[in-house]
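Given next are the chains, with one letter for each unit.
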Amino acid sequence: MLVVGEKINTSRKSIAAAVEAQDVDFIREVAREQAEAGAHYIDVNAGTFLDKEVDYLCWLVEIVQNAVDLPLCLDSPNPQALAEAIKHHKGEPMINSISLEKERYEALLPVVTDRPCRVVALCMAETSMPTTVEERVQVGAALINRLTSEGIPVEKIYVDPLVQPVSVDTGMGTAVLGAIDIIMQDFPRVNTICGLSNISFGLPMRKVINRNFLALCMASGLSAAILDPTDEQLMATLLSVEMLLGGDEYCENFIGAYQSGRVSTI
Amino acid sequence: MSDFKGLTEAVIKGDIQTAVAETQTALDAGANLQDILDKGLIAAMDQVGEKFSTGQMFVPQMLRSAKTMQECMKLIKPLFQEDELATKGKVVIGTVRQDLHDIGKNLVAMMMEGAGFAITDLGVDVSPKDFTQKAQEVGADIVAMSALLSTTMPAMRETIEALQEAGIRDKVKVMIGGAPVTENFASEIKADSYAPDAGSAVIAAKKLLSIS
Numbered sequence: 001m002l003v004v005g006e007k008i009n010t011s012r013k014s015i016a017a018a019v020e021a022q023d024v025d026f027i028r029e030v031a032r033e034q035a036e037a038g039a040h041y042i043d044v045n046a047g048t049f050l051d052k053e054v055d056y057l058c059w060l061v062e063i064v065q066n067a068v069d070l071p072l073c074l075d076s077p078n079p080q081a082l083a084e085a086i087k088h089h090k091g092e093p094m095i096n097s098i099s100l101e102k103e104r105y106e107a108l109l110p111v112v113t114d115r116p117c118r119v120v121a122l123c124m125a126e127t128s129m130p131t132t133v134e135e136r137v138q139v140g141a142a143l144i145n146r147l148t149s150e151g152i153p154v155e156k157i158y159v160d161p162l163v164q165p166v167s168v169d170t171g172m173g174t175a176v177l178g179a180i181d182i183i184m185q186d187f188p189r190v191n192t193i194c195g196l197s198n199i200s201f202g203l204p205m206r207k208v209i210n211r212n213f214l215a216l217c218m219a220s221g222l223s224a225a226i227l228d229p230t231d232e233q234l235m236a237t238l239l240s241v242e243m244l245l246g247g248d249e250y251c252e253n254f255i256g257a258y259q260s261g262r263v264s265t266i
Numbered sequence: 267m268s269d270f271k272g273l274t275e276a277v278i279k280g281d282i283q284t285a286v287a288e289t290q291t292a293l294d295a296g297a298n299l300q301d302i303l304d305k306g307l308i309a310a311m312d313q314v315g316e317k318f319s320t321g322q323m324f325v326p327q328m329l330r331s332a333k334t335m336q337e338c339m340k341l342i343k344p345l346f347q348e349d350e351l352a353t354k355g356k357v358v359i360g361t362v363r364q365d366l367h368d369i370g371k372n373l374v375a376m377m378m379e380g381a382g383f384a385i386t387d388l389g390v391d392v393s394p395k396d397f398t399q400k401a402q403e404v405g406a407d408i409v410a411m412s413a414l415l416s417t418t419m420p421a422m423r424e425t426i427e428a429l430q431e432a433g434i435r436d437k438v439k440v441m442i443g444g445a446p447v448t449e450n451f452a453s454e455i456k457a458d459s460y461a462p463d464a465g466s467a468v469i470a471a472k473k474l475l476s477i478s
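Here the protein sequences come in this chain order: A and B. Residue 201 in this note's numbering is what sits at position 201 of the first sequence, and the numbering runs on without skipping anything. So this note's numbering is basically just the index in the second sequence, starting at one, shifted up by 266.
Hints are computed from structural coordinates only; laboratory data are not their basis. Bear in mind that the values here come from a model prediction, so they are computed numbers and not experimental data. For every residue, glycine included, the Cβ atom is placed at its ideal position computed from N, Cα and C. Treat the hints with caution; some may be incorrect.
As the list claims (entries may be wrong) - Listed below are the simulated BS3-like cross-link pairs for lysine-lysine, each with C-alpha atoms no more than 27 Å apart in a straight line:
1. B:Lys395 - A:Lys207
2. B:Lys271 - A:Lys13
3. B:Lys456 - A:Lys102
4. A:Lys52 - B:Lys456
5. B:Lys279 - A:Lys13
6. B:Lys456 - B:Lys305
7. B:Lys356 - B:Lys317
8. A:Lys207 - B:Lys279
Said to hold, decoys possible - Computed far set for chain B versus chain A, every beta-carbon distance over 10 Å:
9. Thr320
10. Thr386
11. Asp391
12. Ala445
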């Protein structure tokens, strides 16, 4: 299971304040704690700054890669910000995200084909948001086919099935689970990724919902998740489920996390 | 007022069967239509909005209450003469250009409708021109815009400019909302109000139109 640490996002107040104040130490610390907690990629998102997003995102790339020896997940709906940030990145970044929306697709295609990178393919259709399993699979398949025909290896594609709140439509959980299942079966070696918190919008006890949703997604084949790796209960869920699904030889990661005190024991 | 207690409670609970029966009972007893609407249904939805804003009620419960009210309206609406149904104000609502997210916008539209506003929902990917034309056409009191992407927020500014160019900026109040949208951004683009959720949107709309 690939973990993308989500904490460096300017939609969080403390991060926005640190970015505005150019507080290098604060950002470095948030990067480091996520790396220590088991993140494989560190997400960076400065989207809330609009006009200043490009500068701030590039700044974050430099600061975070100085702090930790990990690749980053460059996260923005703005193709221009991604095109600039990728120039500052060392190694192979993950680009989050491309979709079938025409302008976004056309602007990002040259960015993601220019150099080796991993690509999050968000299941947004050209003019609508998918609701059913079938619609998600259709958009996901179209993105996989188009991106691979442009020379991107299938194993570098991370399909995001687009998680929507179960509070608004109780079919939204199974819509994602079904889509993950079919995409992982139809396209061997492709990856699936998602964020967790959208699922619990509008409901109480969101953390419990998010944790259990992660477990269900993993059982359906999810291979990567964007989450807070410093949430010890969430990571305990992730590691135990991965083990139960046969993905942790000798239960090494699970026991290791326990013995090093990195996960919650309750 | 106490006449409508059963109806109000049923709407808050989202109990369609009881609410519809209570509405019918009120109609049979000859209650005033506007009273059933204002003191029964809208009063209930006001409480729902307030409980939602303070975390005592959650989205599925709000949806259920709104649906209950809609079912009751099916009994009442045909009995009103044309134009007789008093609305709190006319609202043109939509998600801005190139943005396809509609969940938040739908919740706001539903709660505003529940509060007694007349809603024209333009859907998603609504251009500044479409907002402006529709606002002119219906004589809108409020234009409400939603954006879920930082990249589509500038379309809110453009829509306000389009309202200005059409010469109707001083006739409509502009409300904005959506995950990346902030109070600061609202004042920066000279919107009249920012609302972080559906419950607050209703309160903000009433304030803008000076409705108690």
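Hints and how they fare:
Between the alpha carbons of B:Lys395 and A:Lys207 the distance comes to roughly 42 Å, so the proposed pair goes past 27 Å and is violated. Proximity of B:Lys271 to A:Lys13 is assessed by CA-CA distance (about 43 Å); at most 27 Å being required, the pair is judged violated. Restraint check: the Cα-Cα separation between B:Lys456 and A:Lys102 comes to about 30 Å, which exceeds 27 Å; the hinted pair is violated. For the proposed pair A:Lys52 and B:Lys456, the alpha carbon gap of about 20 Å is at most 27 Å, so the pair holds.
Between B:Lys279 and A:Lys13, the direct Cα distance comes to roughly 36 Å. Violation of the 27 Å bound is thereby established for this hinted pair. Under the criterion of a C-alpha separation no larger than 27 Å, the hint pairing B:Lys456 with B:Lys305 is inconsistent with the structure, at around 35 Å. Distance check on the hinted pair: B:Lys356 and B:Lys317 sit about 24 Å apart at the alpha-carbon level, within 27 Å; holds. Between the alpha carbons of A:Lys207 and B:Lys279 the distance comes to roughly 26 Å, so the proposed pair stays at or under 27 Å and holds.
Annotated as non-interface, B:Thr320 keeps its C-beta farther than 10 Å from every C-beta of chain A; the closest such distance is 13 Å. Separation of B:Thr386 from chain A is adequate, the least Cβ-Cβ distance of about 20 Å exceeding the 10 Å criterion. The non-interface label for B:Asp391 is inconsistent with chain A: the shortest C-beta to C-beta separation is roughly 7 Å, within 10 Å. For B:Ala445, the shortest C-beta to C-beta distance to chain A comes to about 7 Å, within the 10 Å cut-off, and the non-interface label is violated.
Taken one by one, the earlier hints fail for this structure at numbers 1, 2, 3, 5, 6, 11 and 12, listed in ascending order.
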